[in-house]
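Undergrad: Using UniProt numbering, read the sequence shown as starting at 1 and increasing by one per residue.
No lab work stands behind these hints, which were simulated from the structure alone. Not one of these hints is a red herring.
In silico EDC-like cross-links for lysine to aspartate or glutamate, where the CA-CA straight-line distance does not exceed 20 Å: (1) K64 - E114; (2) K64 - D122; (3) K60 - D70; (4) K55 - E40; (5) K60 - E114.
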Amino acid sequence: MGFEQLAGLREQLRAQAQPKPQEAARPAAVRREPVDPTVEAIRRLQRHFPLAFPKSPAAKVPLKEGIFDDLAQRLDLLRLTNDELRQAVSTWCRGSRYWVCMLSGAQRVGLQGEPAGSVTADQARFARTCLARWKVERRNAKPAAAESA
Numbered sequence: 001m002g003f004e005q006l007a008g009l010r011e012q013l014r015a016q017a018q019p020k021p022q023e024a025a026r027p028a029a030v031r032r033e034p035v036d037p038t039v040e041a042i043r044r045l046q047r048h049f050p051l052a053f054p055k056s057p058a059a060k061v062p063l064k065e066g067i068f069d070d071l072a073q074r075l076d077l078l079r080l081t082n083d084e085l086r087q088a089v090s091t092w093c094r095g096s097r098y099w100v101c102m103l104s105g106a107q108r109v110g111l112q113g114e115p116a117g118s119v120t121a122d123q124a125r126f127a128r129t130c131l132a133r134w135k136v137e138r139r140n141a142k143p144a145a146a147e148s149a
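Can you build the whole structure from these sequences, using the hints too?
TA: And the structure:
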């Protein structure tokens, strides 16, 4: 390829690389994936009550027994339905990060992070059982997924 051809190719590439004025003036439409309503509800809980619902990677904290009733009084503030709130709290309390924090004697917290009782030995035992069961199910699910692939 000669110098003339390279110079022509360079000019052609420059012309393609320069944005056209019409395209630059109009911002691209942002495509958002639909968000699970439970995830959105948990985000709202984290925004309004960060001490009770800390964002990852911070460790979860044991919640006050009856915290759902406290939250139900604030449905208007949270802009959630009773069912959305129930699902969000249920999901929050049904995961490995929550079960790990449920140690016997651990301090439970209210919505503003205030102390509200402690975790009993039976509750801690139940959390350990849930965590162990979850680990077994997870371990068994990995080989099954590999076999189907």
